[in-house]
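Participant: So you can see what is in the structure, the chains are spelled out below.
2 protein chains.
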Amino acid sequence: MNISRTSYPRVVIIGGGFAGISLAKKLSKQEVQVVLLDKNNYHTFQPLLYQVSTGGLEPDSIAYPIRKILKDFPNFHFRLADVTKIEPASRTVITDIGELKYDYLVVASGSKTNYFGNESIEKHSMAMKTIPQSLNLRSLILENFEEALLTSDLNERNALMNFVIVGGGPTGVELAGALAEIKKGILPKDYPDLDTRLAQIHIVQSGNCLLKGMSDKASTKAEDFLEKLGVNIWKNVRVTNYDGKTVTTDSDLTFETATLVWAAGVKGATINGLDAENLVTRGNRLLVNEFNQLIGFENIFAVGDVACMVTDSFPNGLPMMAQPAIQQGEQLGDNLLALTEKKPMKPFEYHNKGVMATIGRNKAVVDLPRFKLQGVFAWYVWMFVHLFFLIGFRNRMVVFVNWVYNYIRFDREARLIIRPYKKTIR
Amino acid sequence: MNISRTSYPRVVIIGGGFAGISLAKKLSKQEVQVVLLDKNNYHTFQPLLYQVSTGGLEPDSIAYPIRKILKDFPNFHFRLADVTKIEPASRTVITDIGELKYDYLVVASGSKTNYFGNESIEKHSMAMKTIPQSLNLRSLILENFEEALLTSDLNERNALMNFVIVGGGPTGVELAGALAEIKKGILPKDYPDLDTRLAQIHIVQSGNCLLKGMSDKASTKAEDFLEKLGVNIWKNVRVTNYDGKTVTTDSDLTFETATLVWAAGVKGATINGLDAENLVTRGNRLLVNEFNQLIGFENIFAVGDVACMVTDSFPNGLPMMAQPAIQQGEQLGDNLLALTEKKPMKPFEYHNKGVMATIGRNKAVVDLPRFKLQGVFAWYVWMFVHLFFLIGFRNRMVVFVNWVYNYIRFDREARLIIRPYKKTIR
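For the record, the sequence lines run as chains G and S. Start counting at 1 in the first sequence, then tack on 1387, and there's your number in the working numbering. Start counting at 1 in the second sequence, then tack on 1387, and there's your number in the working numbering.
Don't take every hint at face value.
Note: identical chains are not told apart, hence a pair may lie in one copy or across any two.
As the list claims (entries may be wrong) - Below are the BS3-like pairs computed for lysine-lysine, each with C-alpha atoms no more than 25 Å apart in a straight line:
{"id": "1", "residue 1": "Lys-1426", "residue 2": "Lys-1759"}
{"id": "2", "residue 1": "Lys-1499", "residue 2": "Lys-1604"}
{"id": "3", "residue 1": "Lys-1413", "residue 2": "Lys-1458"}
{"id": "4", "residue 1": "Lys-1488", "residue 2": "Lys-1516"}
{"id": "5", "residue 1": "Lys-1740", "residue 2": "Lys-1730"}
{"id": "6", "residue 1": "Lys-1458", "residue 2": "Lys-1622"}
{"id": "7", "residue 1": "Lys-1516", "residue 2": "Lys-1809"}
{"id": "8", "residue 1": "Lys-1576", "residue 2": "Lys-1412"}
{"id": "9", "residue 1": "Lys-1599", "residue 2": "Lys-1759"}
{"id": "10", "residue 1": "Lys-1730", "residue 2": "Lys-1510"}
{"id": "11", "residue 1": "Lys-1576", "residue 2": "Lys-1455"}
{"id": "12", "residue 1": "Lys-1426", "residue 2": "Lys-1576"}
{"id": "13", "residue 1": "Lys-1599", "residue 2": "Lys-1571"}
{"id": "14", "residue 1": "Lys-1576", "residue 2": "Lys-1458"}
{"id": "15", "residue 1": "Lys-1740", "residue 2": "Lys-1412"}
FYI, nobody ran anything at the bench for these hints, they're computed from the structure.
Can you build the whole structure from these sequences, using the hints too?
Facilitator: Written as structure tokens, this is what we have:
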């Protein structure tokens, strides 16, 4: 990669997610050369992907060009690259567009869907971790209803109208709620030829509650909200397989469905060269110390989902969410500058600012450090926080316009099959 | 196709473009059963596709779900279908999802890119007639600049930064203007490592003026605007070939470019079974009489781009634009109702409400029947008219927000490579 060296030390950041971007912002006007690498030329606001899948938001409103974030920063370089390997001995990052030397390396490569080794599920299910994946799901949902119109086989029609979501975390809960609202508000009008009351939404959770990371109150209320919306909740059920038609579980329970959404787990998106056994912990994450420093390396760091920082409160590592990622990115920015000035680094301390999930119209659950909210006011808090953290004024405006419109009109107008999923991609 | 017959006569409309939708609206509360068939589940507002390609608008804001347009209409059915053949003898439409009988058939299948038989150009060039095509072009433009950063071969880098647009109609002119503004306002900030002044935008026109269908004044002024924006205008030059690298012309002139946009012509998207020689005229359009009735058929009609209606003012047929399509759709709606009531049909009369094109910020040309405008005021007229004709309040709001933002900030934030073109599609 032809990026000229300057007299400043070079920091290479892999990944433009929450962690990578907040780190980059911290380093923006400092005496370091920064090279940010990402597979995409945009930052994705992952918490709203489920609204893309369900036609509530356009994909472009939750994506933001990385180059635009960096444009006023001197000493910044962005390259659209897929990192294939890291060679710590020679301080080199190897990518699909060439090699690059670093003085400091920050791995902020995030997480990817964890299928726990089940290839059949991986092949036949839908994930919702990226914008293209979310658009594929949007297309598939709509294609299924178009196809349901064409069959006179009742079982096939029901399978096309059934949705099974595996995983009771925020992604699963939010998607289930949105699908239930579509079933109620949009399907009967859009498909008068179909008996859309037969469409079923199932959420399957291996543990004994939804929203495991949140309070009991939030969990119970979320269940309550989903049940009122007509979602079928299956707890203590583990999905064992899916062949594109039938979902089998560890009990007698099976589902016939054309759409399985796999939101049952994520794992760190580690990179070759840093995946030695002693570095990688539970969930395929890189073990870091309190400075986000990779165990055994002076100049390699990991932040965000891919980093596993164990604390007293989080013996399995900090949660894989936006907040720890943003805070680690910011703290590491300060620490890298300290390092270059030969000053001591400060240990990272996680400030839990709250966890939240929305179930639907006027329905959200919010656990703040001091108090917990459920219902309408929680929903406003959820919206405000998400608008606030979204990058870019235009994105905020467009999302706001969509939300106001969707709220007033009970609608989701981005129900568009722009790239058919079944015909062209599968 | 399992659509039950009612006592009403059945009108099958092929295509949900301007003509098909305006016809459908006219028939909405009448005593006819209407089946609308389209390859997509959305209506595309084609005049703004170039803004999708250039990152100024998100695709979802110029698409509108067809089912939503039809949702309050009784006796309406939509099917996502690709029509493969028409059998007039048995009054049957054959599609990829089955057959359908009609009493009245309306072909509103629009137009497609005309490569005039040049397969090499068809294979290597980019078109801009559909949303996926426009998104492919958006991705390619951005990928080219990312790639230009990686090469040290100056010729290759220049080829990646050069854009050749073939065709001086509204599409070509609007795209050239938008690219010129991107070159000026966005590239230098986004790609500080590149000398983006070297990026060249060429528009090549076989005739001796741009915007042939418009007034001399509009044509001259458009040229003037483009030149001021730094676009290279080549008139009386016919592109003869493109192999993915070099554009050859009928003169000594050649261009090295990684991106050729073919906007040099369209032809009617006729359908098998109706493509007999006596039916099809210049530009592959179906010859219709003053009632939009296909020559030789009582119950088959064509409207919009695919229909060729010859008038005194338009000896080669009405122009392939939104206005004639919308007006023909509306008129045919009245005429079909007249037919079912055994009343006489009224001949179609085209009311030219004006033709317009925008070149860029504060720069547009508008030919109205009574007067002609160029410049800032024309630009406001252009925007107002396009917002007015866009379907859906949400779309109008989102487009408006984007335009205001882009205007104030000199920006286009949808510069996102959501689906890479080179890597996955080509």
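Participant: Would you mind marking each hint as holding or not holding in the structure?
Facilitator: Okay, the hints, checked on the actual structure:
no.	hint	in the structure
1	Lys-1426 with Lys-1759	neither (38 Å within a copy, 48 Å between copies)
2	Lys-1499 with Lys-1604	neither (29 Å within a copy, 57 Å between copies)
3	Lys-1413 with Lys-1458	within (14 Å within a copy, 51 Å between copies)
4	Lys-1488 with Lys-1516	neither (30 Å within a copy, 44 Å between copies)
5	Lys-1740 with Lys-1730	neither (29 Å within a copy, 72 Å between copies)
6	Lys-1458 with Lys-1622	neither (48 Å within a copy, 37 Å between copies)
7	Lys-1516 with Lys-1809	both (19 Å within a copy, 22 Å between copies)
8	Lys-1576 with Lys-1412	between (47 Å within a copy, 17 Å between copies)
9	Lys-1599 with Lys-1759	within (15 Å within a copy, 66 Å between copies)
10	Lys-1730 with Lys-1510	neither (50 Å within a copy, 59 Å between copies)
11	Lys-1576 with Lys-1455	between (41 Å within a copy, 8 Å between copies)
12	Lys-1426 with Lys-1576	between (40 Å within a copy, 20 Å between copies)
13	Lys-1599 with Lys-1571	neither (27 Å within a copy, 51 Å between copies)
14	Lys-1576 with Lys-1458	between (46 Å within a copy, 6 Å between copies)
15	Lys-1740 with Lys-1412	within (20 Å within a copy, 51 Å between copies)
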